[in-house]
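Trainee: Okay, here's what each chain looks like letter by letter:
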Amino acid sequence: MIRYIRWCAYFCALLLAALLVNVARVQVWESAAAASNPANKRPAIQRYAERRGDILVDGRPVTGSRDSGQLLRYERTYRNGPLYAPVTGFSSQTYGTSFIERAEDRILAGTDPGLSAFPLWYELSRGRPPGGDAATTIRAAVQLAAYTGLGGKRGAVAAVEPATGRVLALVSSPSYDPSELSGTGARVKAAWARLNADPARPMLNRALRETYPPGSTFKIVTAAAALDSGVVTDVDAPTETPDPYPLPGTSTLLPNTSTGCADASMAEAVQWSCNTVMAKIGVRVGLRGMVEAARRFGFNDGGLYVPSWVSRSNFDTDMSPDQLALSAIGQFNTTATPLQMAMVAAAVANGGEVLSPYLVDRTTQADGSQVRRGDRRGLGRAMSPATALRLQELMVKVVEDGTGRNAAIPGATVGGKTGTAQHGVGNAGTPYAWFISWAKAQDAPFPAVAVAVVVEDASARRGDISGNSAAAPIARAVMQAALATPTRRR
Amino acid sequence: MSALTAKVAEPAPPPPPGAHAHRRRRGVELTLLAGAVLVCVLGYLYVAVADGGHLPRPTPRYAGGLAAAALLAHLAVRLRAPYADPLVLPIAFLLNGLGLVLIQRLDLTTPGHPTAGEQLRWSALGLALFVLVVAALRDHRALQRYAYLSVAVALALMLVPVFFPAVNGAHIWIRFAGFSFQPGEFAKILLAVFFAAYLAANRTALALGGRRLFWKLKLLPGRVLGPILAIWLLSVGVLVLERDLGTSLLFFGLFVIMLFTATGRIGWIAIGLILAALGAYAVGTFEPHVHSRVEDWLNPFASIERGEGPGQLAQSLFAFGAGGLLGSGLGHGQSFLIGFAAKSDFILATAGEELGLVGLSAILLLYGLLVARGFRAGLGLRDPFGRLLATGLASIVALQVFVITGGVTGLIPLTGMAMPFLAQGGSSVVTNWIIVALLVRLSDCARRPRPDGPDGPDGTEPTGPPEPPTGPADPAETTGVAR
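Protein chains in written order, with numbering that gives the first Met the number 0: chain A, 0 to 489; chain D, 0 to 482.
There is no bait here: all hints are sound.
One-sided excerpt, in silico: chain D residues whose CB lies under 8 angstroms from chain A: (1) P309; (2) G323; (3) V370; (4) L378.
Footprint (simulated), chain D over chain A, 3 or more residues, beta carbon under 8 angstroms: (5) 2-16; (6) 21-29; (7) 33-41.
These aren't lab readings, by the way, just hints derived from the structure by calculation.
If you're wondering where the values come from, they're calculated on a predicted model, not measured in any experiment.
No residue lacks a Cβ here, since even glycine has one placed at the ideal position from N, Cα and C.
Can you make the complete structure from the sequences, with help from the hints?
Mentor: As structure tokens, this is what we get:
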């Protein structure tokens, strides 16, 4: 019997070995597969188990966390949600994250290795650091001025500081409250469905993600190309352009909306927004020169992050001369995001140097110590300093005595350019009203702000659509706010 | 070893000169018990800190209670079973304490339904019964006389719950005046006692008798085989009636193992496996409840692919996977996602998630050690009844651990069964303490020094002459069951 007891014992040992091997398989081998199974709620539970870090504007949080007592515990709240939605994006238990909530998610959710005071500390203690904060470059007064300026009309405003690239305002209208998407349940799903079905598309971030034909505001790029390439050496010299101007190689006549454009100089063409003159100049610069100039301003770059991704602004690289003529005045296939056009204005204001716009000034641990900071980063030179100086003068002329007089601010130097962009099949859509500008306080060494405003449905009456009446007042309000509250240097 | 035990004062009567004083090892047991108490108290504190971040107030009372209970059990063993295996009691105590820690931790996830207190009371009752059995049962051979009474009571215990309403689809509970327990748990011990007594009495006939069919296969005489097959069919029938497949599997495995141990005939294993395969196939095909378990085992994530969310087994596998090598730490896991039966059948998932592969392996090795000590006692004993009983009791623990651990980790289809000592469930804890008491008694007898005189250690019954290691039977030993 002794032998059989031993055999039983060996059999039990075999069972134990089988258990141990299988447990090792489940716990080590298949651990990663189990963790990545979409039905496994653990990653989500851990993610929402702690208070999420905040997004700051002017040092004050515009977000918060609410203990819902649910499985996915802390839900996001937003102060002034619609105002800051294009900046913050949403953080939803059901639909994930967008914009800064997505770009800085690792900081906010507390998973960034930079949040650990000592390397591997949290790996060893198996805890998780509290979520860090992301301080934005947005200035509340500028943002508010842009938002109230748009007043619910469809459109967008982007404002940057020319010398640094700091984004001072990023507004899209109409907007939505991202806190409607926080959490789980039928209420959130209904809000998501409603926002996505809304024909006004409130969740579209028009400042970063929508591209519009830039219309006459693109003439600044054309003018820079002409000056830099030497096609135009004297801005006051007549250009011998007929009015209307027949597009090269076709019998189509390009008209002007303003008078006195026949044989106008480039200075007058910018001041009064002459389509004929600028189209002709664009053709004279040539396709390669125009494409190169547009590229230097940031067009055709699909890799811009602020840190949220910015849609690619387009300038076609393969066109016939008549298409090039239309492209040179911001029509045809030329499209730009509002942020891109703000960068154009900023490049002029900043002496020709283009700076990468950035939205996150610094990220910090929960106790305020810095993790990373956003830095001034050049994207290269869009034009020579002399050209920039010349264009500044032209843009100031537009505001002082041209198409953009509504943007004038007493006591400050303001340069601008209006635009009215046709779009739709056969140009049937309500034209977009554009205004790009920059402003410098009289005694200041650098311009304080460059801004781009686009208003989609500026007026019910088609004749009233123009950059000056619909967009310029908004730009003025934004510039005034920026001039009144200069950036605090840390 | 002698250096360790030399320091321990022995209050028991001094052994006769030349006897094996070192075989008592009561000091080792006390030290290990102290370690077990320490682990349990630390676990209790860890859970409380992980929950609220501060120490719970009744800590000294809790620690004192555990220590007193351990000391009481130790004294019972020291006074009444001084030669008992020093590992058995500390391992049982540690496992029971770990179970309490895990249940206390899971109570955090079910705020309206705390169960740790109830489990603590059942554990105390189990420990009291342990002391009672160790103190009252002076010789395990006394049990041999009650073989048929045991089987009668066992069958009655298994039959009674059929007349009570089903709980979660199984008729295994008796609910009475707010109490509920599973009589089938107690039946395990009684059946092991009966099998041991019956096989000890009839093993010669079982091993040698019967007409030869072909080669080494022999047909057993119906006189011998009849009763045992009847008992087996009856118990399995009752369990199918009660729809408790786990216990049915356990009884069958116990029966085959003990039959093999008694007779040494491979044929039994073959017949047993064929019967088991047939039964498993039939039940797995025709019983919808069991059929779904088999489907679950073959593809634990099928319900996810169907879009119905993860099933219990999938959640259990997620929990084990989340634990990884070192675990998330007590109180930091999400094993409550398993939902139903997280504290009972699936308690190992919590251990796996929060203590990791390291902790879970340690727990499984503790069970392995406990089972090994049971077999060791069986090897040390002289009487066939004691040997068979020790083998049977060790096998009960081993099979239970295998069936439930294999079930929740996806090694075999899941059948509902309580993890000995760890899982929530009063009847299970009490039963396991009685099993441990019997193992202590058996190991005491096995390790007791052989007296030189003809009388046994307690003067009750002469021990049989030593059995040859490979010999099938000694007729002198087969007189246990009175016919």
